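Enquirer: Chain A is fixed; fit chain B onto it per the hints.
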Amino acid sequence: MASLNDLTKGILKENPVFRLALGLCPTLAVSTSINNAIGMGVAVIFVLVSSNTIVSLLMKLFQKTLSEEGLKSINKIRIPIFIVVIASFVTIVEMVMSAYFPALSESLGIFIPLIVVNCIILGRAEGFASKNPVFASILDGLGMGLGFTIALTAIAFARELLGSGHLLGVNILGSGYQPVLLMILPPGAFLVIGLYLGGLNWLESRKK
Amino acid sequence: MEYGIFQLIILSIFINNFVLARFLGLCPYMGVSKQLDSAVGMGLAVTFVMTLASLVTWLLYNFFLAPTYQSIFYVVFHTPIDKVPDLTFLRTIVFILVIAALVQFIEMYIQKVSPTLYKALGIYLPLITTNCAILGVAVLNIDMFFKDGLPLHNSFIHTLVQAFASGVGFTLVLILMAGIREKLELANVPKPFRGLPIAFIVAGLMSIAFLGFAGMNVE
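If you read the protein sequences in the order shown, they are chains A and B. Going left to right, the first sequence walks through residues 1 to 208 as this note's numbering numbers them. Going left to right, the second sequence walks through residues 1 to 219 as this note's numbering numbers them.
Treat each hint with caution, since some may be false.
Claimed, not checked - With a straight-line cut-off of 25 Å between C-alpha atoms, the simulated BS3-like cross-links for lysine-lysine are:
(1) A:K13 / A:K131
(2) B:K34 / B:K83
(3) A:K131 / A:K72
(4) B:K112 / A:K76
(5) B:K83 / A:K13
(6) A:K9 / A:K131
(7) A:K64 / A:K131
(8) A:K207 / B:K191
(9) A:K60 / A:K72
Please keep in mind that the hints were generated in silico from the structure rather than gathered at the bench. It should be emphasised that the depicted structure is a prediction, and the values quoted were computed from it without experimental measurement.
Chain A on its own, in the form it takes in the complex (with noise of 0.2 Å):
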């Protein structure tokens, strides 16, 4: 049965990037401002339970009608189902997004197309939405992608507040604040992503 634990377990418990650290790459990349991070989050989520839902009632509808040996064979190729399966969603993402907001899909660039091998999404599909009825399949994709984009939304807070000073547009710090420029750069990511799981580990210890 579905429960609100597997909404929640995704937020925090088995957050995808920092407890498993999974789909780095649109991560550290697009979290130069909390604008993009909460596209690209908004992206992901939309995918993440439309390729669940799908997925989950794929191998419903595969278990009702196939004999034991066509399930067997599908069982060998589930892996490229469930690539198609996201790359249709992922494709639709492209197109509404280069519609509707151009600006949005300017910055966040070549990324967007590289959803698809965003390892959480067909993590979930194979781990979770194959092997789960519907309902609780949404559920999980919900909550990681919630996980995912808070996750992403605290470093480009980060990044963003102590690389501009600003946050959003509003100028948080005052206008005699000299902006660390570092951060907005690469390194900036790498920096505050180390300093972020190290900080969780510690107070992980420190609740012991």
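Expert: Frame of chain A; chain B shown alone:
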């Protein structure tokens, strides 16, 4: 912007380094950089697959997906040029399938032809399919060397050069990182930072060093 071959090589290896500036291929960069041997193997495998995948995806894009005068619909089926279908929106789906199939074929071929090479590269090949560096370089080539679905001047050569040089750049930082991490094993790192966190911080410092290359004038 038109680059020469040499400029393109310098750009792809140092200035727009695949890992440290473009953030592509981070999973193998973090996962396979614990030992020098495996870093070399992974780097070679990625370079090889990158070049081959770029070659195949360029051909597909130019002759099948994009509505050019070289499209097979125009050349083989004699569709009038204004009726040649624009299939560029299928790019993502087609590329990922082609790359997955290609990696499978390479694996089977190497296993059959050269068991020694298979031993060196074999275990890294399946990991490469879902490596964003491969799809990344294919998409990047299309973005850079095609304009409105039409190939730019020397598009094909530039694609191959950029793919190969990006692979070399990836291998370079992977080997550097592996060297550092082998030493890091012996260092006295604060407990919460052991493992992944300190690797990220090292990567950040390396990225700062590579930022120095951005000062090179390649124009």
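Enquirer: Each hint should be assessed against the structure and marked as holding or not.
Expert: Hint by hint, here is what the structure shows:
A C-alpha spacing of about 21 Å is found between A:K13 and A:K131, which places the hinted pair at or below 25 Å, so the restraint holds. At most 25 Å may separate the alpha-carbon atoms for a hinted pair to count; B:K34 and B:K83 exceed this at roughly 54 Å. Taking the CA atoms of A:K131 and A:K72, the gap is near 15 Å; set against the 25 Å cutoff, the hint holds. With a C-alpha separation of about 22 Å, the suggested pair B:K112 and A:K76 falls inside the 25 Å cut-off, and the hint holds.
For the given pair, B:K83 sits about 54 Å from A:K13 by alpha-carbon distance, which is inconsistent with the 25 Å threshold. Pair hint A:K9 plus A:K131 holds up; C-alpha atoms about 17 Å apart against a cutoff of 25 Å. Annotation: proposed proximity of A:K64 to A:K131 holds, straight-line Cα distance about 14 Å (limit 25 Å). Note on A:K207 and B:K191: the hinted pairing holds, with a Cα-Cα distance of about 15 Å set against a maximum of 25 Å.
Note on A:K60 and A:K72: the hinted pairing holds, with a Cα-Cα distance of about 14 Å set against a maximum of 25 Å.
In terms of the numbered hints stated before, the structure departs from hints 2, 5, listed from lowest to highest.
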